[in-house]
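Number of protein chains: 4
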Amino acid sequence: MAYEFRVTRRVEFVETDTAGIVHYSNFFRYMEVAEHGFFRSIGFSIVTTQIEPALGWPCVHAECDYLQPLRFEDEFEVHMLVSEKRSKSLSYLFRFRKLDNAPVEIARGKLTVVCITRHNGKMSAATIPKAIADKIEVAPAQALEH
Amino acid sequence: MAYEFRVTRRVEFVETDTAGIVHYSNFFRYMEVAEHGFFRSIGFSIVTTQIEPALGWPCVHAECDYLQPLRFEDEFEVHMLVSEKRSKSLSYLFRFRKLDNAPVEIARGKLTVVCITRHNGKMSAATIPKAIADKIEVAPAQALEH
Amino acid sequence: MAYEFRVTRRVEFVETDTAGIVHYSNFFRYMEVAEHGFFRSIGFSIVTTQIEPALGWPCVHAECDYLQPLRFEDEFEVHMLVSEKRSKSLSYLFRFRKLDNAPVEIARGKLTVVCITRHNGKMSAATIPKAIADKIEVAPAQALEH
Amino acid sequence: MAYEFRVTRRVEFVETDTAGIVHYSNFFRYMEVAEHGFFRSIGFSIVTTQIEPALGWPCVHAECDYLQPLRFEDEFEVHMLVSEKRSKSLSYLFRFRKLDNAPVEIARGKLTVVCITRHNGKMSAATIPKAIADKIEVAPAQALEH
Chain A
661 MAYEFRVTRR VEFVETDTAG IVHYSNFFRY MEVAEHGFFR SIGFSIVTTQ
711 IEPALGWPCV HAECDYLQPL RFEDEFEVHM LVSEKRSKSL SYLFRFRKLD
761 NAPVEIARGK LTVVCITRHN GKMSAATIPK AIADKIEVAP AQALEH
Chain B
661 MAYEFRVTRR VEFVETDTAG IVHYSNFFRY MEVAEHGFFR SIGFSIVTTQ
711 IEPALGWPCV HAECDYLQPL RFEDEFEVHM LVSEKRSKSL SYLFRFRKLD
761 NAPVEIARGK LTVVCITRHN GKMSAATIPK AIADKIEVAP AQALEH
Chain C
661 MAYEFRVTRR VEFVETDTAG IVHYSNFFRY MEVAEHGFFR SIGFSIVTTQ
711 IEPALGWPCV HAECDYLQPL RFEDEFEVHM LVSEKRSKSL SYLFRFRKLD
761 NAPVEIARGK LTVVCITRHN GKMSAATIPK AIADKIEVAP AQALEH
Chain D
661 MAYEFRVTRR VEFVETDTAG IVHYSNFFRY MEVAEHGFFR SIGFSIVTTQ
711 IEPALGWPCV HAECDYLQPL RFEDEFEVHM LVSEKRSKSL SYLFRFRKLD
761 NAPVEIARGK LTVVCITRHN GKMSAATIPK AIADKIEVAP AQALEH
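Protein chains in written order, with the numbering used here: chain A, 661 to 806; chain B, 661 to 806; chain C, 661 to 806; chain D, 661 to 806.
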């Protein structure tokens with residue numbers, strides 16, 4: 661059972677903008693990298709072809725609060741925590757910390773993704789298969805709270 | 661006084677992903693295009709060098725709810741509405757509609773941006789100058805509600 | 661028979677970087693927008709499902725020479741010209757012009773794409789179908805030369 | 661004296677497109693990541709504020725030949741080699757290898773960047789400072805050839 665995943669990255673030049681900071685849309689891309697790493701850590705790919713029929717996990721809600729900017733070559737950590745687990749959806753909390761002398765939280769994000777299958781190109785929500793659900797648990801309350 | 665702006669776009673190939681739909685992070689880029697168009701429509705650039713000292717408008721909160729996917733070459737409208745106007749910040753609501761036979765809302769987003777100035781590279785919140793504030797008003801309640 | 665296509669764009673904030681100019685990789689995205697617009701102008705999509713079996717057009721060579729930078733909100737034109745037409749591939753020339761008082765060429769790009777079909781996920785080069793080939797011609801020499 | 665740098669990456673979801681492969685423009689972003697890592701490896705940032713006046717390194721030529729596609733979660737190496745060293749510019753060769761059983765070259769790229777300084781927002785070519793030039797050498801011919 662897993663409930664968290666951590667990714668460390670360095671800001672790339674193309675991720676910054678004329679304001680000299682990481683474009684706010686890129687935080688959502690960083691979240692996804694942590695989410696997909698989490699799935700690999702429990703033995704699955706987010707393009708879930710290991711299950712029949714193949715599953716997808718489209719995002720139905722995304723949000724982010726920005727506290728401090730990131731700049732080119734800054735190193736930071738994305739810490740993902742499972743915040744909710746339902747029969748057909750998962751929600752995640754993401755804490756962004758800049759990695760220097762005293763790591764502080766610089767942004768906080770949330771994603772909700774739905775488990776889907778496809779029939780003739782149409783997506784419909786599906787119950788998360790037991791093989792996957794059994795490996796995921798909600799993070800302890802104190803990890804989610806502060 | 662202005663409170664809304666509309667942009668029509670066609671989905672570009674690079675905006676889609678392996679799932680065959682627009683990557684969810686790109687909706688935040690579409691929102692920004694509408695926000696910046698709105699600023700031009702009232703005579704300013706979001707890189708606000710027309711005012712002394714120059715202003716910036718970093719995003720402090722962003723969110724999006726996704727109802728239906730967009731695919732390559734789909735045409736859609738981003739309809740931006742000013743939802744809140746404070747002394748140092750502005751909030752926007754964004755309605756995404758796919759433009760085919762019966763346009764339906766496929767996503768809804770929100771952004772809050774803060775007016776800032778820079779001193780020695782550090783950003784600090786600033787009161788929105790009268791020249792700008794006088795041109796922006798909150799959208800009528802009924803436009804924001806449904 | 662068509663041999664050219666023009667797209668006018670305005671630089672978006674996310675396309676710029678810390679250096680305050682459009683990131684060089686984005687010129688390749690602009691080229692593609694012109695290429696796909698060209699295909700629509702002759703009645704096809706680059707995701708060519710109008711033909712059986714469906715065709716794809718992956719890029720096998722891309723290059724760009726950069727003469728002057730583009731900045732946020734600059735308006736520019738991408739002028740695409742067909743420079744070579746072979747049985748299984750097409751090559752394009754792209755001229756980028758910044759649209760101000762005296763439009764000058766600020767970059768020049770080239771793409772070569774190959775017509776492919778897919779069998780069990782594997783791509784293989786295919787002869788460009790007559791229905792498409794008949795609508796495309798190489799640009800006049802003088803348009804390609806200077 | 662250094663003449664090469666290697667980066668290993670895993671394809672991220674947002675880097676792929678509807679065709680299920682990495683969008684061709686992203687290879688130019690991968691090249692840059694290797695270039696910037698190379699600069700850090702010799703003790704500098706590509707945003708070269710360690711030198712007075714600060715230097716920039718805009719790209720004046722970029723190209724790539726694509727041999728095989730990369731797909732989501734593929735691991736690959738970008739191997740950068742210095743191919744030319746002039747007084748005001750540097751050229752790099754990039755070999756992309758997919759990291760599976762038998763690593764094969766799947767793409768080959770080239771970049772030429774120019775050392776510049778800025779005066780009142782205008783960029784002009786500058787001689788590469790000795791402190792930097794002394795740390796960079798052209799790769800051996802046999803490494804560049806095959």
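It is worth saying that the hints were derived from the structure and are not from the lab. Note that the coordinates shown come from a computational prediction; the quantities given were computed from them, not determined experimentally. Misleading hints may appear alongside valid ones.
Copies of one chain are not kept apart here, so a pair can be met inside one copy or by any two copies together.
What the hints assert, rightly or not - Taking lysine to any residue pairs in the SDA-like style, the calculated list, with each CA pair at most 20 Å apart, reads:
{"id": "1", "residue 1": "K770", "residue 2": "V720"}
{"id": "2", "residue 1": "K758", "residue 2": "T772"}
{"id": "3", "residue 1": "K745", "residue 2": "A762"}
{"id": "4", "residue 1": "K795", "residue 2": "L759"}
{"id": "5", "residue 1": "K745", "residue 2": "G680"}
{"id": "6", "residue 1": "K782", "residue 2": "E733"}
{"id": "7", "residue 1": "K770", "residue 2": "E723"}
{"id": "8", "residue 1": "K770", "residue 2": "L753"}
{"id": "9", "residue 1": "K745", "residue 2": "V774"}
Tested hints:
1. K770 - V720: Both ways: K770 and V720 sit 11 Å apart in one copy and 14 Å across, limit 20 Å.
2. K758 - T772: neither (24 Å within a copy, 22 Å between copies)
3. K745 - A762: neither (32 Å within a copy, 35 Å between copies)
4. K795 - L759: neither (30 Å within a copy, 28 Å between copies)
5. K745 - G680: Neither: 37 Å inside a copy, 26 Å across copies.
6. K782 - E733: Answer is between: at 18 Å across copies they meet the 20 Å cutoff, but 41 Å inside does not.
7. K770 - E723: both (5 Å within a copy, 9 Å between copies)
8. K770 - L753: For K770 and L753, the Cα distance is within 20 Å both inside one copy (5 Å) and across copies (19 Å).
9. K745 - V774: within (10 Å within a copy, 34 Å between copies)
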